[in-house]
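As given, the protein sequences belong to chains X and Y, one line each in that order.
Quick note: the first sequence uses the working numbering, first residue 784, plus one each step.
Quick note: the second sequence uses the working numbering, first residue 784, plus one each step.
Everything labelled a hint here was simulated from the structure, so no lab data went into it.
Honestly, I wouldn't trust all of these hints.
[Unchecked claim] Result set (DSSO-like, lysine-lysine): computed pairs, CA atoms no more than 30 Å apart in a straight line:
hint : chain 1 : residue 1 : chain 2 : residue 2
1    : Y       : Lys956    : X       : Lys1061
2    : Y       : Lys956    : X       : Lys1078
3    : Y       : Lys1006   : Y       : Lys992
4    : Y       : Lys862    : X       : Lys1078
5    : X       : Lys837    : X       : Lys872
6    : Y       : Lys862    : Y       : Lys887
7    : Y       : Lys1076   : X       : Lys877
8    : X       : Lys825    : X       : Lys877
9    : X       : Lys1080   : Y       : Lys956
10   : Y       : Lys992    : X       : Lys1076
11   : X       : Lys956    : Y       : Lys887
[Said to hold, decoys possible] To spell it out: a stretch of chain X is covered by chain Y in this simulated footprint if at least three of its residues, at any positions, have a beta carbon under 8 Å from a beta carbon of chain Y; those stretches are:
hint : stretch
12   : 930–939
13   : 953–964
Beta carbons: idealized from backbone N, C-alpha and C, even for Gly.
2 protein chains.
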Amino acid sequence: MEKPYVVGIDIGGQTAKIGLVDARGNVLVQTAIRSDETDDYKKFINDLCDAIVKLVSKEYKMDQVRGIGIGAPNGNFYKGTIENAVNLKFGGIKVIPFTEIMSKKIGLPVRLTNDANAAAVGEMTYGAARGMNNFIMITLGTGVGSGIVVGGSVLYGHDGFAGELGHVTMVRKNGRLCGCGKTGCLEAYASATGVARSAREQLEATDRKSLLRNIPAENITSKDVFEAAMQGDELAKDIFDFTGNMLGEALSDFIAFSSPEAIVLFGGLTKSGDLIMKPVVESMNANVMPLWKNKIKVLFSQLNESDAAILGASALAWEIKD
Amino acid sequence: MEKPYVVGIDIGGQTAKIGLVDARGNVLVQTAIRSDETDDYKKFINDLCDAIVKLVSKEYKMDQVRGIGIGAPNGNFYKGTIENAVNLKFGGIKVIPFTEIMSKKIGLPVRLTNDANAAAVGEMTYGAARGMNNFIMITLGTGVGSGIVVGGSVLYGHDGFAGELGHVTMVRKNGRLCGCGKTGCLEAYASATGVARSAREQLEATDRKSLLRNIPAENITSKDVFEAAMQGDELAKDIFDFTGNMLGEALSDFIAFSSPEAIVLFGGLTKSGDLIMKPVVESMNANVMPLWKNKIKVLFSQLNESDAAILGASALAWEIKD
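Just chain X, with the same shape it has in the complex (with noise of 0.2 Å):
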């Protein structure tokens, strides 16, 4: 192999996170830079080539690197375009053609998606999903997301945002307000934040006793309510129960998509182990069409979480033809 090294890319929120990656996975070295500094997203991406240069130039060459890959939010594989990302300073516009950009500012060749799709692609090279070929990634973070792979590819549609599955309707009557605009998602559910959001509609509806009333209630995080289940925290543990059932309930019918061979669960909310994993597996096996009834595992990702971004956009780039 010639050219032995990707770089490999997360762009979130705060920060870009920018490590170089050998095909092993191993993430030799890392950097980072702000991303909320700066609202010119031509500004970022100069932002963005310096700080790959200069980590790369330190102990390797640029022309040890294949290629880039790239996770972001609203990001679109077949355009290489990061679209309406409101939640990025820079990306108030519209359609940003931003592999265009940087991979002629930086004379290689860049590839981009979404952040769940990064994951999956990363859990699949490296990760809970080696050798398999049709599995899905649920990443349970402040939102949830999704990274579906069928036939070994991810699958990403007529139009390049195909796997949101952290907004199908999981609550028709009534449901939560989503970030996206819809009502009943299973993100309003199945994140952190609506794992809080549990915590204090269940607070406030009841008189039960709870360590979670020490916490004045705008600050409870879901952090709070695994720490107090872990503690035996009765309110806590049927928060963990009824929010694993929903997921285990929408991961029932995602199974009568795909058809995968396991699914498999990322992010902060999966450090509650079995206080998630058990009631998921339970109600998807209480749910799942007969055929399927216990033969679909239900993974936690062995990506190391402080590289699993990068590793995961890194992956992208080993899939650039030479």
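Following the hints, put chain Y in place on chain X, whose structure we already have.
Positioned in the frame of chain X, the structure of chain Y alone reads:
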């Protein structure tokens, strides 16, 4: 093209329809045999082979036939098997190695898939989805089936059974029992039998006037509901609105999965035309993520219904390499 024809076979609960098809999708000659007379699958396969040879040999030659495509309930494309097909008299045994036995007997390559996937391939080859690489076929017949096309190929998933969209859960509380063993499935509402069931429920639960009260409740069919609606019967029209609304909600979730260019509706219930199409499209656009609002086409199948099943199955055989 040395071998200009293929054979398409549609196996249903009562008959197996057989047709010889050319590359333009013309059914040149066709016949049918009973599928409900023997519980011996080997005898059925023998009868099928005899019927094919007899049909083709009348005006054509067997060595002009490139291969055979079959659509069958519970057909598995990967394995060429029919598995647990409780609706087929000869389907009682768990796994029938259908294509293996048939191919040996008749000396031609044989491909098999389930009926809805066959319909999707047919629609892509000859019908409303020509030129489309990403679409979803929904068959609205006695049951609700689906064939999902992604990147120009049918989505089969890990085990060959992907695309069971009739069995996503639409009603989570007190949902109707579905033939699959689950409750609340789309199929229990949006199929022809579901429409009849909705009518019976409405007639029993209310004392609304309706032309349908002239028919003994247990005899009401979806066709009766259609005819009443066409005569302006309000209750019957409400049944179509209810059914179309639910189907539209389901479609909005399917879009979030695979982001198709179009959704093609096929089967008996599509004969109701605007009565079903209007609420489907309205509900789909009301429930879909904003990025897809008013962007996804909903089309009726363009395949001539009497030929459609044969054409769909035959299209599989064109994919056989020489």
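List, from low to high, the hint numbers that the structure doesn't satisfy. 10 and 11
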